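Student: Residue-level listing of the chains:
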Amino acid sequence: GAVVSQHPSWVICKSGTSVKIECRSLDFQATTMFWYRQFPKQSLMLMATSNEGSKATYEQGVEKDKFLINHASLTLSTLTVTSAHPEDSSFYICSARGDRGSDQETQYFGPGTRLLVL
Amino acid sequence: QKEVEQNSGPLSVPEGAIASLNCTYSDRGSQSFFWYRQYSGKSPELIMFIYSNGDKEDGRFTAQLNKASQYVSLLIRDSQPSDSATYLCAVRGGSYIPTFGRGTSLIVHP
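Residue numbers (my numbering), protein chains in the order written: chain A, 17 to 134; chain B, 8 to 117.
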């Protein structure tokens, strides 16, 4: 159990385009989903936290108009990188916290999406 | 500010040895402690979590928690080359948002 999927796994796009990344909890309902960004050989950086049906909470320094997060259901959250630029190239990872038992205590990570903006 | 500190390493151990990974945290109110493994180019995967002082064993892995000293460690027995990865410590307090350490790189050489 506790499987989180992400789609797509790889994205290459031109500068100025928008990219949408989907994060799904496959076998549990995710009370909360988290979006992280990780640059090569760097630590995880939390971008935002989202709860189903409410606005995402962004970490300091993360532009909410650039990184749009929608948590429309208990199993799906999306991150849209708007007007992407080369400096947005990174590894984007979502994670989900479950809604019962020990799943409430633990974050389960998706496989990540590697974004390359040319 | 809540901080979670890990030695970045790399920690190099021979195959078959015990690898010991340490993590200290600043928030005395922390309640839940997690160890994740991250292979290069992959996302983190949960190894184990611990809530209470003492040891918790799961196969070759043992998590040790000492709240008084504010540290949590992960022991890997009979280390294998496939254990070579970055190990992330995460600490969670009253909120549901954990704080991650920067990770320790482990290299297990044959």
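If you are wondering where the hints come from, they were derived from the structure by calculation, not from laboratory data. Here the structure is a predicted model, which is why all the values come from computation and not from measurement. Please note: incorrect hints may appear among the correct ones.
A few chain B residues that don't get close to chain A, going by computed Cβ distances all over 12 Å [stated by the list, open to error]:
1) 11
2) 15
3) 18
4) 33
5) 34
6) 48
7) 49
8) 51
9) 52
10) 60
11) 69
12) 71
13) 72
14) 76
15) 109
16) 114
Quick list of simulated restraints, FRET-style, between CB atoms [claimed, not checked]:
17) 34/A to 64/B: 45 to 55 Å
18) 38/A to 102/B: 40 to 50 Å
19) 127/A to 114/B: 21 to 31 Å
20) 65/B to 45/A: 36 to 46 Å
21) 57/A to 10/B: 27 to 37 Å
22) 9/B to 21/A: 40 to 50 Å
23) 27/B to 45/A: 32 to 42 Å
24) 84/A to 116/B: 44 to 54 Å
Residues of chain A clear of chain B, computed beta-carbon distances all greater than 10 Å [said to hold, decoys possible]:
25) 23
26) 28
27) 31
28) 45
29) 50
30) 60
31) 81
32) 82
33) 83
34) 91
35) 113
36) 126
37) 127
Yeah, the Cβ is synthetic: ideal placement off N, Cα and C, and Gly gets one too.
Student: Now look at each hint and say whether the structure bears it out.
Tutor: Hints and how they fare:
1. 11: Label violated. Min Cβ-Cβ 10 Å, cutoff 12 Å.
2. 15: violated (9 Å)
3. 18: holds (16 Å)
4. 33: holds (16 Å)
5. 34: holds (16 Å)
6. 48: With a cut-off of 12 Å, residue 48/B comes too close to chain A, as the shortest Cβ separation is near 8 Å.
7. 49: The claim breaks: residue 49/B does not keep its Cβ more than 12 Å from every Cβ of chain A (closest is about 7 Å).
8. 51: Its Cβ does come within 12 Å of chain A, the nearest being 5 Å, so this is violated.
9. 52: Non-interface label fails for residue 52/B: nearest chain A Cβ at 7 Å, not farther than 12 Å.
10. 60: holds (17 Å)
11. 69: Holds: least Cβ distance 18 Å, greater than 12 Å.
12. 71: holds (19 Å)
13. 72: holds (14 Å)
14. 76: holds (22 Å)
15. 109: violated (4 Å)
16. 114: holds (14 Å)
17. 34/A to 64/B: 45 to 55 Å: At 47 Å between Cβs, range holds.
18. 38/A to 102/B: 40 to 50 Å: For residue 102/B against residue 38/A, whose Cβ atoms are near 26 Å apart, the range 40 to 50 Å is violated.
19. 127/A to 114/B: 21 to 31 Å: holds (24 Å)
20. 65/B to 45/A: 36 to 46 Å: violated (26 Å)
21. 57/A to 10/B: 27 to 37 Å: violated (20 Å)
22. 9/B to 21/A: 40 to 50 Å: Roughly 30 Å apart at Cβ, these two residues miss the hinted range, so it is violated.
23. 27/B to 45/A: 32 to 42 Å: holds (37 Å)
24. 84/A to 116/B: 44 to 54 Å: Holds, at about 45 Å.
25. 23: holds (13 Å)
26. 28: holds (16 Å)
27. 31: holds (24 Å)
28. 45: Since the minimum Cβ distance to chain B is about 15 Å, residue 45/A lies beyond 10 Å and the statement holds.
29. 50: Non-interface label on residue 50/A violated, nearest chain B Cβ at 7 Å vs cutoff 10 Å.
30. 60: violated (5 Å)
31. 81: Given a closest Cβ separation of 22 Å, the condition holds.
32. 82: Consistent with the label, residue 82/A stays out of reach of chain B, its closest Cβ about 21 Å off (over 10 Å).
33. 83: Since the minimum Cβ distance to chain B is about 17 Å, residue 83/A lies beyond 10 Å and the statement holds.
34. 91: Holds, because the least Cβ-Cβ distance between residue 91/A and chain B comes to about 18 Å, which exceeds 10 Å.
35. 113: At roughly 6 Å from the nearest Cβ of chain B, residue 113/A sits no farther out than 10 Å, so the non-interface label is violated.
36. 126: Violated: least Cβ distance 6 Å, not greater than 10 Å.
37. 127: violated (5 Å)
In this structure, the hints that do not hold are numbers 1, 2, 6, 7, 8, 9, 15, 18, 20, 21, 22, 29, 30, 35, 36 and 37, in rising order.
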